[in-house]
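> Single-letter residue listing:
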Amino acid sequence: MRYQNSLVRRAPKWGWIVSTVVFVGLLVALYSIKAHTLAAKAKVATFEQALISEKQAIQMLSAEIAHLESPERLRVLASKQLNLQPTPASRTMTLAQVAQVIAQKPLSETTPKTGGAQ
Amino acid sequence: MNETPPHALPNLSSGNTFLDAAPTLSVQDEEAQFIRQARVRIIMGVVMFSLFLLLLITRLAEVSLLRPSKSFTPMTTNQVKTRADIVDRNGELLATSLETYSLYADPRKVWDAVASTEAIISVLPDLDPAIVEERLASKKSFIWIKRNLTPKERQLVFSLGLPELGFQIEPKRVYPRGNLAAHVLGFTDIDLNGTAGAERAFDKRLSEKDAAPVKLSIDMRAQFALADELGMGMEKYQAMAASGVVLNIKTGEILAMASLPDFNPNRSGTALPNNRLNRASMQLYELGSTFKPITIALAHETGVVSAGEKLPVHKQLVIQKKPIKDDHPVHVPLGVYDILAKSSNRGVTLLALKAGGDAQQDLLKRLGLFDRVPMELKESAAPLVASEWQDITTATVSYGHGISVTPLALATALATLLNGGQYIAPTIEKHQIGQAITSHRAVSSATSQHVVDTMRYVVTDGTGRNAAVEGYALMGKTGTAEKLINGEYVKKRLVTSFVAAFPHRDPHYLVFIVYDEPKAYAGSWGYATAGWNAAKTAGAVVERIAPVLGIKKTVRVAALRDAKVGGGQ
Chain R
1 MRYQNSLVRR APKWGWIVST VVFVGLLVAL YSIKAHTLAA KAKVATFEQA LISEKQAIQM
61 LSAEIAHLES PERLRVLASK QLNLQPTPAS RTMTLAQVAQ VIAQKPLSET TPKTGGAQ
Chain E
1 MNETPPHALP NLSSGNTFLD AAPTLSVQDE EAQFIRQARV RIIMGVVMFS LFLLLLITRL
61 AEVSLLRPSK SFTPMTTNQV KTRADIVDRN GELLATSLET YSLYADPRKV WDAVASTEAI
121 ISVLPDLDPA IVEERLASKK SFIWIKRNLT PKERQLVFSL GLPELGFQIE PKRVYPRGNL
181 AAHVLGFTDI DLNGTAGAER AFDKRLSEKD AAPVKLSIDM RAQFALADEL GMGMEKYQAM
241 AASGVVLNIK TGEILAMASL PDFNPNRSGT ALPNNRLNRA SMQLYELGST FKPITIALAH
301 ETGVVSAGEK LPVHKQLVIQ KKPIKDDHPV HVPLGVYDIL AKSSNRGVTL LALKAGGDAQ
361 QDLLKRLGLF DRVPMELKES AAPLVASEWQ DITTATVSYG HGISVTPLAL ATALATLLNG
421 GQYIAPTIEK HQIGQAITSH RAVSSATSQH VVDTMRYVVT DGTGRNAAVE GYALMGKTGT
481 AEKLINGEYV KKRLVTSFVA AFPHRDPHYL VFIVYDEPKA YAGSWGYATA GWNAAKTAGA
541 VVERIAPVLG IKKTVRVAAL RDAKVGGGQ
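The listed protein sequences correspond, in order, to chains R and E.
Just so we're aligned: 59 in the numbering used here is position 59 of the first sequence, and the numbers increase by one with no gaps anywhere.
Just so we're aligned: 202 in the numbering used here is position 202 of the second sequence, and the numbers increase by one with no gaps anywhere.
Derived from the structure by calculation, the hints contain no laboratory data.
It is possible that part of the hints are untrue.
[To be verified] Listed below are several chain R residues computed to face chain E (Cβ distance under 7 Å; list not exhaustive):
{"no.": "1", "residue": "A29"}
{"no.": "2", "residue": "L30"}
{"no.": "3", "residue": "Q59"}
{"no.": "4", "residue": "S62"}
{"no.": "5", "residue": "A63"}
{"no.": "6", "residue": "A66"}
{"no.": "7", "residue": "P71"}
{"no.": "8", "residue": "P86"}
{"no.": "9", "residue": "S90"}
[To be verified] Pairs of lysine to any residue residues, derived as SDA-like cross-links and limited to a Cα-Cα distance of at most 20 Å, are as follows:
{"no.": "10", "chain 1": "E", "residue 1": "K81", "chain 2": "R", "residue 2": "Q59"}
{"no.": "11", "chain 1": "E", "residue 1": "K552", "chain 2": "R", "residue 2": "T87"}
{"no.": "12", "chain 1": "E", "residue 1": "K342", "chain 2": "E", "residue 2": "H328"}
Ideal Cβ positions, reconstructed from N, Cα and C, are used throughout, including at glycine.
Bound-form chain R, shown alone (with noise of 0.2 Å):
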């Protein structure tokens, strides 16, 4: 009776006690994640600014390709390193039609009289 009477008036302080831990735990824990949290989002802040750090030099080359291969720019030096003109009409034609050229020539006309490869 004494015995049950001690554990009846015990049991609301291990409750307390229980309680509390478990409370400080969850608050631990809750810190924890929280201060995880908030290193992850700066880790993904800085990531995010690499990105567009990485973007904005992507930008930089592409434009800087796109400058280089200005067709006024390769028209300049096509005709001044490569003395390149834009090829007429006259000097084209489809794969088709140089099939239908060489069936209708003689062989005799399409093979060159010296060989090409001395």
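Given chain R, put chain E in place with the hints provided.
Then chain E, alone, in the frame of chain R:
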């Protein structure tokens, strides 16, 4: 166990007499009193400490657990405005945004405005010292010194070490192809708001966050070929200005649109207004005989002329006291094909008068020539049309006088005549595969075929022979008009134009070329008419763009068989 009977004790509940009568004993325990007082103080202290601790824990929990964390913002960057890229129909970059550094100052931190100005000018010599000094001496907290510095300029300013100076990252719109398609692309202001061209037309879409690039209908290769040929032509023919359009007849897409003189959109602020003017869509011209295919279509549509019928173009023709003259007079009556091939003003006047002014106006309306071209660009001028439509108006409009339209407007109308009679509004945005194309019928398909054939005849046997390109079966029409200056037509100041379309079997592309005041040149026999300049340029443009656009050349095998072997001829 002996129990004391209840009556042995004084009955306390029965009354107060016993207590009243009982002597009182007062015991003063000082120690206990002190303990009691101390206990109270301790309890109060513990309570206060607990409250304080509770407060601290609550605050800590609130700060660390409940309060939403602020987003992470790096110290080095400010919020930068973005703008999507503009690319051509093949995804080639035409406009993009790059981050640059802009220099600002806090005048409150300036010790000596004169010394600071001298230092700044030493590294940025293009600035006005007076303005910089005035700004630095002001009481403001923020002033711009120079925006969009180059990396080299930024480094030089950085090395000055002036504490009042700072940098802000700002985006800058860059057009890496320079002058190419400048009038189509347009430009933005310093705050990246579109102010002209596609930049203005698609401003909302381009300004949206994470917007996809805007794909224009422009083909960079065709655009360059057009601008290049126009530039060479302008130099050769000493023209005041030139413009050109390449249209996809089937979809209404503008593949190229050039206007010379042009400008560099990277330095749009320094460009002259004359250079910024998009002549292809903003300049109104009386374009002359390139209007004649419309009259041919009108005659066929209204059925006023029968097949094989010849009209008396060799006879004098006077309308409302105004004689109608031909540049290439003939001495015999001409049929419809020859009227167009020889560009007879009298011939088309007779056809238009037969059809009537109302039918003519109706057709012009259906071809969109009474309104501004309905496209995305704001730079699209409304035509100048006679307020009163008399017989003389019908006559002059039949050969392209008395009505002023933009080259793009006439190109669109002529494209309609070559597209089975279906009018499609031009666009600078690329059509997606399967996208519906809005169109309306302007003329019958039979009329369209008639125009196609007559325009082919112009190139094979008429005034457009100089435009002919082997293997591409061009259709075309020349147009030479005198300019109207102060109410009078000036003979020596011409506007020449040429419309070319190809291939004849199924017209797919249209090229429209205009020269403003071209001159005669060595080899033109003193002529500065369209056949000697605009037609040649149109042919050269077709020759360059047809392979690029995937139009197969038609080669007569017999001709090839006879050709010599070897590529060096």
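> Each hint: holds or not?
Now for the hints, and whether the structure bears them out:
Nearest Cβ of chain E to the Cβ of A29 of chain R: about 11 Å, over the 7 Å cut. The hint is violated. Given the 7 Å rule on beta carbons, the hint for L30 of chain R holds: about 5 Å separates it from the nearest Cβ of chain E. With a cut of 7 Å, the hint placing Q59 of chain R at the interface with chain E holds, because the nearest CB-to-CB distance is about 6 Å. Interface restraint check: S62 of chain R against chain E, minimum CB-CB distance 6 Å, threshold 7 Å, status holds.
Satisfaction of the interface hint for A63 of chain R is found here, the shortest Cβ-Cβ separation to chain E being roughly 5 Å, below the 7 Å cut-off. The closest approach between the C-beta of A66 of chain R and any C-beta of chain E is roughly 4 Å, which is under the 7 Å cut-off, so the hint is satisfied. The restraint placing P71 of chain R at the interface with chain E holds, with a minimum CB-CB distance near 4 Å, inside the 7 Å limit. Checking P86 of chain R against chain E by beta carbon gives a least distance of about 5 Å; that is within 7 Å, so the hint holds.
Because the beta carbon of S90 of chain R sits about 6 Å from the nearest beta carbon in chain E, less than 7 Å, this interface hint is met. Annotation: proposed proximity of K81 of chain E to Q59 of chain R holds, straight-line Cα distance about 15 Å (limit 20 Å). A C-alpha spacing of about 15 Å is found between K552 of chain E and T87 of chain R, which places the hinted pair at or below 20 Å, so the restraint holds. Of the pairs offered as hints, the one joining K342 of chain E and H328 of chain E holds, with about 7 Å between alpha carbons and a cut-off of 20 Å not exceeded.
In this structure, only the earlier hint numbered 1 is contradicted, and the remaining ones agree with it.
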